[in-house]
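A.B. asks: Chain by chain, the residues:
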Amino acid sequence: MKKTLFSVAVAFCLSTLSAFAQPPLENYFAPATKEAATPDGEGFIRRWTLLEPISKPNRGNTVFTDSYLRENFAREYFKNQFTIVPKDGQKVKANVQVEVREQNAAAPGGPMGFRGMAAPKLKDEVQTLVWHKYDSKLYNTKLFRFASGLGKQVYGVIFWAVTVIECDEDINNVRLAVGSNSASMWWLNGEEALLLSGDRRMVADDCMSNRLTLKKGKNVLRGVIINGPGMSDFCARFLDEEGQPVKGIRIL
Amino acid sequence: MKKILLASLCVMNCALSFGQTGAPYIHDPSTIVECDGKYYTFGTGGGGLISDDGWSWHSGAERPGGGAAPDAIKIGDRYLIIYGATGGGLGGGHAGKIYTMWNKTLDPKSPDFKFSTPIEVTGSEVDEDCDAIDPGVLLDPTTGRMWLSYGTYFGFIRIVELDPKTGARVEGNEAKNIAIDCEATDLIYHNGWYYLLGTHGTCCDGVNSTYNIVVGRSRNVTGPYLDNMGRDMLKGGGKMLVGAWGRRTGAGHFGRIVVEEGVEKFSCHYEADYDMGGRSVLAVQPLMWKNDWPVAGENLKNGTYAIFSERRGYSLEMSVDFVRQQAGGGMMGMFGRNNAEPAKPLSFQNLDEVKSTWPEGKSRVRIGDYMFRPHQKWQIIAVPEAGGYLDNPYFKIVIEGTNRALAANSDCEVETVPEFTGADEQLWRIDQLTDGTYRIMPKAIPGTDKKLALISAGDSTPSLGKFDFNSDNSKWNLKLVND
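These protein sequences, in sequence, are chains A and B.
Reminder that position 119 of the first sequence reads as 118 in numbering that gives the first Met the number 0, one-by-one numbering, no gaps.
Reminder that position 236 of the second sequence reads as 235 in numbering that gives the first Met the number 0, one-by-one numbering, no gaps.
A portion of the hints provided could be inaccurate.
To be verified - For lysine to aspartate or glutamate, the following EDC-like pairs were computed, each having C-alpha atoms within a straight-line distance of at most 20 angstroms:
1. Lys175/B <-> Asp128/B
2. Lys361/B <-> Glu75/A
3. Lys449/B <-> Glu241/A
4. Lys361/B <-> Glu240/A
5. Lys465/B <-> Glu240/A
6. Lys108/B <-> Asp35/B
7. Lys217/A <-> Asp87/A
8. Lys354/B <-> Glu297/B
9. Lys132/A <-> Asp65/A
10. Lys238/B <-> Glu297/B
11. Lys354/B <-> Asp167/A
12. Lys449/B <-> Glu190/A
13. Lys175/B <-> Asp106/B
14. Lys214/A <-> Asp198/A
15. Lys289/B <-> Asp434/B
16. Lys122/A <-> Glu190/A
17. Lys450/B <-> Glu241/A
18. Lys465/B <-> Asp65/A
19. Lys450/B <-> Glu25/A
20. Lys361/B <-> Glu297/B
21. Lys450/B <-> Asp239/A
22. Lys234/B <-> Glu127/B
23. Lys449/B <-> Asp239/A
24. Lys217/A <-> Glu190/A
25. Lys465/B <-> Asp239/A
26. Lys214/A <-> Glu124/B
27. Lys37/B <-> Glu127/B
28. Lys73/B <-> Glu33/B
Unchecked claim - FRET-style restraints, in silico, Cβ to Cβ:
29. Asn338/B <-> Thr37/A: 55 to 61 angstroms
30. Gly360/B <-> Lys214/A: 44 to 50 angstroms
31. Lys92/A <-> Asp448/B: 53 to 59 angstroms
32. Pro344/B <-> Ala29/A: 28 to 34 angstroms
33. Ala36/A <-> Asn338/B: 56 to 62 angstroms
34. Lys92/A <-> Ala342/B: 37 to 43 angstroms
The set of hints was computed from the structure by calculation and includes no laboratory data.
Predicted, not measured: the structure shown is a model, and the values here were computed from it.
Think of the CB as a built atom: it goes at the ideal place given N, C-alpha and C, for glycine as much as any other residue.
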C-alpha cells in the first residue's frame, strides 16, 4: 500500500514537479521590454513569446520520428496556431491530452522506476493557456524552467514559441540554426524551415535550414518543441554563408 | 553454386580498387604537370602520356632527347623538362649528362609547341661513383631557388642548384652527395622540411620487381636526409612510402601533385599491374601527411561505407523514420532476464524490415547517430563510363541494396533520388585529404558552375558549400561496413 502511494506521488511529481522547490522563473527570464531587442553577441535570439505547455504525454522521446512529428504538429491544439503573433498575456483555449492515471497503478517497473515505453492512456481536455513574452537570460531558452517556474507541467509537453524579427532590407542566403531538447519544428513566415526529429539534446547549431531570405520588414519565426521526460530547451540563431551570426536584425 | 558465384562476385567487388585507365603504360614517369586543362607525364625513351582528366591516359606526349626518367615542372608560364640523355645501368657505362629544355606548352598540337635548345646542367664520368640520370627537381617555395637531384644505385645521389630563370646550372655550384644506392629521386618541401624520395629494390623485372619508394627528410635542402630512425640516406636509410599493394607491384619514380591546400596526390609507376597483364603502368594515389612524414593513401575501393562527419562524428543518412528494433537487450532487458542462459547474437536491422516505411520519391539527407541501420549504409561504386579525376573514377553513392542515390540539387543542397540515372549531380568525386579524411564533391550542381563540396552545415545537417581544408565542416571519414 505504501508502495502504491509512493508511485502515485512519484508520477504526479514527475509531471509537474510542484512538490519540489523549483528555481524561480526570474533566474532564467525577464519580462520583455517595449524596446526592440537584438540578438546576443553570438547571434542567439533571446526574446520569445512562449505559450504555457500543452500537455502531450510521452514516456520516451524515441517516438519522435519525422512522421510522428508531422502528424502531431499538424493537429490543431488552438485556433490560428500557425498564424498567431501572440501578445503577452493573451489566452488561448487549447485542446490537450492528459494522462489517465489508474487508481491501482502498479509501482514503477524495475529498480530505477522505469515505467516502460508503452504509450500512456490519454484523454482529451480543453485547457486555457497563456502566452508570456520573455527575454531569456541565457543564450538558450529553458522551456523546462519556464514551465516549472509557472508551476505547470514539465514532462510530456509541447511548447509553442514565436518571435518577430525585423530587417531593414532583404538578407539572402541565411540559415536558421537550431538546437532543441527534444524534437522540434520551425517555420519562417509560414514556410517550414526545419525539422529536428528523434530523441534530441540541445546542441547549438545542431540543425540548419536550407538557405533562406529574411525579408525586409517583419519576419515571424515560429517553433514547436515537444518533449517527454527530461530537460526542455532550445537555442536559435541565423547564420550567414560563412557561418557567422547575421547582424543588423531586431527582435520585436 | 549460385551462392558461391555470388560470394565470389562480392569478394571481387569489395576488393576492387581503381588505377589509371585507358592506356597508362609508362616506365619512369616524370612528375605530372597540368597544361591548359590537360595532364602530361614523360617517360624513359622519349614520349609520354596525356590525359584530359587525370584518370584516363593515352600516349601522345612528345619529348625529344631520349634517355631515361625525365622530370617536368611548370615555372611561371613555361615548362621545364629535365632529362638524362643516357640510359646508365648497373651493367653498363656510367658516363651521363643531364639536360634541361623549355617549352611554352606541352600540347604537341599547339603552334607554340617548340622545345628550346637543351642545356647541359650536370653529368657523370665513367669512373665516377654516380650515374647522372633520373633527375628530379624542386622549386623551393621558401627561397625561390631550384634544386636538382639525380643518380642511381651506382654510387651517390647528388644535388645541384639550377637557375629557375634559365634552367642552367648556377655558376660555381658544386654537386653534393645526399644519398647512396637508390635511384629515381625527387625532392619536395612540406612544413619546414625538405624530403628526398628515392626508389629502392629491383627494377624492371615485371611482377617480380621489388621496386619501392622510400623517404628521408632534412631541415636543409642539401641534407643530411635522415629516415624515421635517424639513419642517413647516405648510409642507405629510408622510410618506405609505398611498395606492392592491391594488384600492383614495384612502385617507383615518385612525383608530387599539389591540387590545392589539403588535396595532394603522388604519381609513380608500378612495375607490374596484375590487372593489366603485368605491364608497367602510371599510378596516381592520395598523398597524406602524418607527423610530417608523407604517407601513401589508396585509390578508393568499391564497397559499403558509413560516412561520418569530421565535425561531430555522426553519420550521413537518408531522412526516414527511425524504426525500433524489436530485439531486446540493454537496460530495459535487465529485468526478468536469466543471465545464466547463453547470450545469443542479434542481427542488425535489414533493408526488408524497413524499406516499406521509406518514401518513394526524393528524400532529404541528414547526419545522425550511426546505428547500423540500412538508411545509413552507402554503397560507393565506381562509374568508369562517367570519367574521373586524378586518382579515381567518379562514383555513385547509393543506399546499400537499392539504386537510391545521393544527389546534389539546384538549391545547393543534398538529397536522395529514388533511381540513379548517371546524371552529373549524382556522380561524386571523392578525394582523400592530406590528413586522411575525405572530401566529397558532386561532379556538377544543377543550375550553377560553382565547385562545392559536401559539408556539415550543422552537426546534423549536410549541405553543399565551399571546401575549406581548415574546417572540419568540409571533411568526412569513410568506414567500410562489415555486416
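A.B. asks: Take the hints in turn and mark each one as holding or not.
C.D. replies: Results for each hint:
| no. | hint | verdict |
| --- | --- | --- |
| 1 | Lys175/B <-> Asp128/B | holds (12 angstroms) |
| 2 | Lys361/B <-> Glu75/A | violated (28 angstroms) |
| 3 | Lys449/B <-> Glu241/A | holds (16 angstroms) |
| 4 | Lys361/B <-> Glu240/A | violated (25 angstroms) |
| 5 | Lys465/B <-> Glu240/A | holds (9 angstroms) |
| 6 | Lys108/B <-> Asp35/B | holds (12 angstroms) |
| 7 | Lys217/A <-> Asp87/A | holds (18 angstroms) |
| 8 | Lys354/B <-> Glu297/B | violated (34 angstroms) |
| 9 | Lys132/A <-> Asp65/A | violated (29 angstroms) |
| 10 | Lys238/B <-> Glu297/B | holds (18 angstroms) |
| 11 | Lys354/B <-> Asp167/A | violated (48 angstroms) |
| 12 | Lys449/B <-> Glu190/A | violated (27 angstroms) |
| 13 | Lys175/B <-> Asp106/B | violated (35 angstroms) |
| 14 | Lys214/A <-> Asp198/A | violated (33 angstroms) |
| 15 | Lys289/B <-> Asp434/B | holds (7 angstroms) |
| 16 | Lys122/A <-> Glu190/A | violated (31 angstroms) |
| 17 | Lys450/B <-> Glu241/A | holds (16 angstroms) |
| 18 | Lys465/B <-> Asp65/A | violated (29 angstroms) |
| 19 | Lys450/B <-> Glu25/A | violated (50 angstroms) |
| 20 | Lys361/B <-> Glu297/B | violated (33 angstroms) |
| 21 | Lys450/B <-> Asp239/A | holds (19 angstroms) |
| 22 | Lys234/B <-> Glu127/B | holds (18 angstroms) |
| 23 | Lys449/B <-> Asp239/A | holds (18 angstroms) |
| 24 | Lys217/A <-> Glu190/A | holds (14 angstroms) |
| 25 | Lys465/B <-> Asp239/A | holds (13 angstroms) |
| 26 | Lys214/A <-> Glu124/B | violated (78 angstroms) |
| 27 | Lys37/B <-> Glu127/B | violated (40 angstroms) |
| 28 | Lys73/B <-> Glu33/B | holds (8 angstroms) |
| 29 | Asn338/B <-> Thr37/A: 55 to 61 angstroms | holds (59 angstroms) |
| 30 | Gly360/B <-> Lys214/A: 44 to 50 angstroms | violated (29 angstroms) |
| 31 | Lys92/A <-> Asp448/B: 53 to 59 angstroms | holds (55 angstroms) |
| 32 | Pro344/B <-> Ala29/A: 28 to 34 angstroms | violated (56 angstroms) |
| 33 | Ala36/A <-> Asn338/B: 56 to 62 angstroms | holds (57 angstroms) |
| 34 | Lys92/A <-> Ala342/B: 37 to 43 angstroms | violated (54 angstroms) |
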